[in-house]
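Since the structure of chain A is provided, determine the placement of chain B on it from the hints.
Protein chains: 2
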Amino acid sequence: MAAETEVALERAADPTRHDVLFSRRAANIKQSAVRDVFDISIRPGLVSLAGGSPYLKSLPLDDLGRTAQKIIAERGLEALQYGGGQGMEELRGLVCEVMAAEGIEGAVPDDVVITTGSQSAQDVAAKVFCDPGDVILCEDPTYVGALNTFEAYEVDVVTVAMDENGLIPDELERTIGELQAQGRSIKLLYTIPSFNNPSGITLAADRRQQVVDICRRNDILVLEDNPYGMLRFDGEPLKPMRADNPDDVIYLGSFSKIFAPGVRLGWALVPKHLYRRFYLACEAVVLCPSPLTQMLVSAYLTDYDWQGHLRSMRSLYRERCEAMLGALAEEFPEGVHWTTPDGGFFVWVTLPEGIDTYPLLYTAIDAGVVFIPGAAFTPSDEPSNKLRLAFSAVTPEDIVEGVRRLAPILRTAISELDA
Amino acid sequence: MAAETEVALERAADPTRHDVLFSRRAANIKQSAVRDVFDISIRPGLVSLAGGSPYLKSLPLDDLGRTAQKIIAERGLEALQYGGGQGMEELRGLVCEVMAAEGIEGAVPDDVVITTGSQSAQDVAAKVFCDPGDVILCEDPTYVGALNTFEAYEVDVVTVAMDENGLIPDELERTIGELQAQGRSIKLLYTIPSFNNPSGITLAADRRQQVVDICRRNDILVLEDNPYGMLRFDGEPLKPMRADNPDDVIYLGSFSKIFAPGVRLGWALVPKHLYRRFYLACEAVVLCPSPLTQMLVSAYLTDYDWQGHLRSMRSLYRERCEAMLGALAEEFPEGVHWTTPDGGFFVWVTLPEGIDTYPLLYTAIDAGVVFIPGAAFTPSDEPSNKLRLAFSAVTPEDIVEGVRRLAPILRTAISELDA
Chain A
15 MAAETEVALE
25 RAADPTRHDV
35 LFSRRAANIK
45 QSAVRDVFDI
55 SIRPGLVSLA
65 GGSPYLKSLP
75 LDDLGRTAQK
85 IIAERGLEAL
95 QYGGGQGMEE
105 LRGLVCEVMA
115 AEGIEGAVPD
125 DVVITTGSQS
135 AQDVAAKVFC
145 DPGDVILCED
155 PTYVGALNTF
165 EAYEVDVVTV
175 AMDENGLIPD
185 ELERTIGELQ
195 AQGRSIKLLY
205 TIPSFNNPSG
215 ITLAADRRQQ
225 VVDICRRNDI
235 LVLEDNPYGM
245 LRFDGEPLKP
255 MRADNPDDVI
265 YLGSFSKIFA
275 PGVRLGWALV
285 PKHLYRRFYL
295 ACEAVVLCPS
305 PLTQMLVSAY
315 LTDYDWQGHL
325 RSMRSLYRER
335 CEAMLGALAE
345 EFPEGVHWTT
355 PDGGFFVWVT
365 LPEGIDTYPL
375 LYTAIDAGVV
385 FIPGAAFTPS
395 DEPSNKLRLA
405 FSAVTPEDIV
415 EGVRRLAPIL
425 RTAISELDA
Chain B
15 MAAETEVALE
25 RAADPTRHDV
35 LFSRRAANIK
45 QSAVRDVFDI
55 SIRPGLVSLA
65 GGSPYLKSLP
75 LDDLGRTAQK
85 IIAERGLEAL
95 QYGGGQGMEE
105 LRGLVCEVMA
115 AEGIEGAVPD
125 DVVITTGSQS
135 AQDVAAKVFC
145 DPGDVILCED
155 PTYVGALNTF
165 EAYEVDVVTV
175 AMDENGLIPD
185 ELERTIGELQ
195 AQGRSIKLLY
205 TIPSFNNPSG
215 ITLAADRRQQ
225 VVDICRRNDI
235 LVLEDNPYGM
245 LRFDGEPLKP
255 MRADNPDDVI
265 YLGSFSKIFA
275 PGVRLGWALV
285 PKHLYRRFYL
295 ACEAVVLCPS
305 PLTQMLVSAY
315 LTDYDWQGHL
325 RSMRSLYRER
335 CEAMLGALAE
345 EFPEGVHWTT
355 PDGGFFVWVT
365 LPEGIDTYPL
375 LYTAIDAGVV
385 FIPGAAFTPS
395 DEPSNKLRLA
405 FSAVTPEDIV
415 EGVRRLAPIL
425 RTAISELDA
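Line order of the protein sequences matches chains A and B. For what it's worth, the numbering used here labels the leading residue of the first sequence as 15, then goes sequentially. For what it's worth, the numbering used here labels the leading residue of the second sequence as 15, then goes sequentially.
Just chain A, same shape as in the assembly (with noise of 0.2 Å):
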């Protein structure tokens, strides 16, 4: 064996070998808790309060079933080929017509472009704003798969305290006017203002105009991420921040909950000004979002009730949210508050201080109940007396068991920390 083949055996039997290759970015990139408890979230005879995903079960499948087949029997050609970057044509249209029923009104297709998911705008909304050491601002707590997005760009990922009018304007400003005392580049305030994701809090109307306004001024760009808008239990939904912002607000919308995650699409409402760059960023990451799903999305959108079948998960989701609340009510110790969400799939939940809820999680699934602990929903590394229970997946019985099981595990640690 030549001393050359030798030498090149020895390297291809270490595992730390290419570890030099690595970019800086992908030391960033971490494993997502919600993932992670996703994984045993699927045990049997757990109760799941973790992962927020959407209840299915009333779709009609059957249907849909007849509608993906005739698509594919009448218009295969066109469902299984390559199709544009920004998404079909028909799609962006309809998503128009969803967003008014949202309250932005006059939203053209050609400002739309389809995503692979909301997930996939919010990459690229990173990777076409932010350089390494740029600031995106975002909700304290915030979307765990946004910051994770976020970070693999070597963004840092800054945080505006909330109140239970969701993000506080002053702070806002106040936090602005620090990071640029400081010489930092700050790109894009990320919110998600109806039925935040973990805490469920919602950013109030006459505060909208307000955070628009601040991050107007300073030239930063608002990236609206509105996945739960229209599953506000009650009354209309509240306009979003986009409706009378159209050049200083990217929109962010998603089938995931208003349909079914599994088409993994969504869309971005981008401004004008902004739009042409942002869409070929999109089409360099996946070419084009699937016209086989988008013209499932369509035909859903076009030839079923989607408003009256989102009127019946509304109900389904106040009803599992009121039981958790009772529940909580009834079963956690003092000591314990939680938020009162108006929509969405989350309640969140603050312990005494001086708690970490992550090692309670290992008791919890002993106990046979799972959640998220709080630590996950923010940037920083410390630990969170916060956690996110999610009540979109699990049946009013289970919730109300899930409780249950969860409330002795607070109880011993708040006795605990008294000790």
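Errors might be hidden in some of the hints.
If chains are identical, the list can't say which one is meant, so a pair holds when it fits in one copy or spans any two.
Straight-line distance between alpha carbons at most 20 Å, and here's what the computed EDC-like set of lysine to aspartate or glutamate pairs gives [claimed, not checked]:
hint, residue 1, residue 2
1, K71, E92
2, K286, E119
3, K286, D258
4, K286, D124
5, K71, D412
6, K286, D227
7, K71, E88
8, K253, E119
9, K286, D33
In short, the hints are calculated from the structure, not lab data.
Below, chain B alone, put in the same frame as chain A:
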């Protein structure tokens, strides 16, 4: 109106106001020339020798429609829900069988990530391995979509010369040496060894191991993109570079050419020691690939004679390639040369030096034929005397007609050069 609001409105009116917010990499995100032409190609009457779309008309669309119906009706709660970030285990297992048919033995599902097309795997590879200024080596010419993706990460794409047997090992070694002497950090060799897009050239069997060995000695990973490998006109597929080099090659496969692009699914077979970060980065981009389209592909690989369909596709593409080569020999003027592919979708045409094929495109469109100018397939901004002709999506009659329309344009360009 408050002065503040006035200022805000003035800013809102300025379309360049947010230009400062773009990342440095955004400047590298270009309109794909293929897409430019894609839009043109759909004009009626034009013969498009531009787009590399696969032939889908022989797919059993009625049966596939029924399969999709069954998936949604019977397993809709899984097909339409979120799935795992690595892709479904069933499909990852089947992918290993597909790769075995290509000559890669012993791959296991745990080393496979299902991706949203190969494009997404290319994006993730650049993201995980490349910092700005790092080098990716590639063939000259290479796939335009990969160039767009890599350049979006501020990577320096450096080309290595090919001859009719593919990448020239001495040239590869020389280029690496030069770059290393300049202190450059080379992360990946991106290669399409079988029926390279756009050139149709195949890396000869005896060079494959040489190329991997050179990369291994220099701690460069090979990113082997093999969408066309099974579309060899005659005989068995050439053994992929990954086959004997599991630790040094990230292998990318795609269902776009062996089944259908509309499902937007491909896969990456990743060395064990690199797998975790690779798949987490995939997850950060799209959360998960579509379970619905994954289940459709799994059913296609399980319940259909996909290998038989592939055999009929290979003879169809061979016939079309022969029609094109025959027409080129018949019609094209002296001084024009072209490749003779053993598989895939493309013939690469070289005109005499000094001719720029880009302006010829517009003359060609007027004459009713479209091709892709060669400049699209290199990272350089230099004019190119090459062009790509695709035979995959056009009937033999149309291929002959398209070549007939193109020939006089080349003849004129050559005579003007001599004048």
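Give the relationship of K286 and D33 under a CA distance limit of 20 Å: within one copy only, between copies only, both, or neither. Between. Shortest inter-copy distance 12 Å satisfies the 20 Å Cα cut-off; intra-copy 42 Å does not.
Between the shortest in-copy and the shortest cross-copy C-alpha distance, which are at most 20 Å for K286 and D227: within, between, both, or neither? For K286 and D227, the Cα distance is within 20 Å only inside one copy (19 Å; across copies 49 Å).
Is it within a copy, between copies, both, or neither that the alpha carbon of K286 lies no farther than 20 Å from that of D258? Classified as within: same-chain Cα gap 15 Å, cross-chain 50 Å, threshold 20 Å.
Intra/inter-copy verdict for K286 and E119 if alpha-carbon distance must be at most 20 Å: within (15 Å within a copy, 50 Å between copies)
Alpha-carbon proximity between K71 and D412, which holds within one copy, between copies, both or neither at 20 Å: within (16 Å within a copy, 49 Å between copies)
Up to 20 Å CA-CA - D124 versus K286, copy category: Within one copy only: 9 Å inside, 43 Å across.
Please work out whether the CA atoms of K71 and E88 approach to 20 Å or closer within one copy, between two copies, in both situations, or in neither? Between copies only: 12 Å across chains, 27 Å inside a chain, cut-off 20 Å.
20 Å Cα threshold - placement of E119 relative to K253: So K253 and E119 pass the 20 Å test inside one copy only (10 Å; across, 56 Å).
State whether the alpha carbon distance between K71 and E92 is at most 20 Å within one copy, between copies, both, or neither. between (29 Å within a copy, 11 Å between copies)
The earlier numbered hints are all upheld by this structure, with none contradicted.
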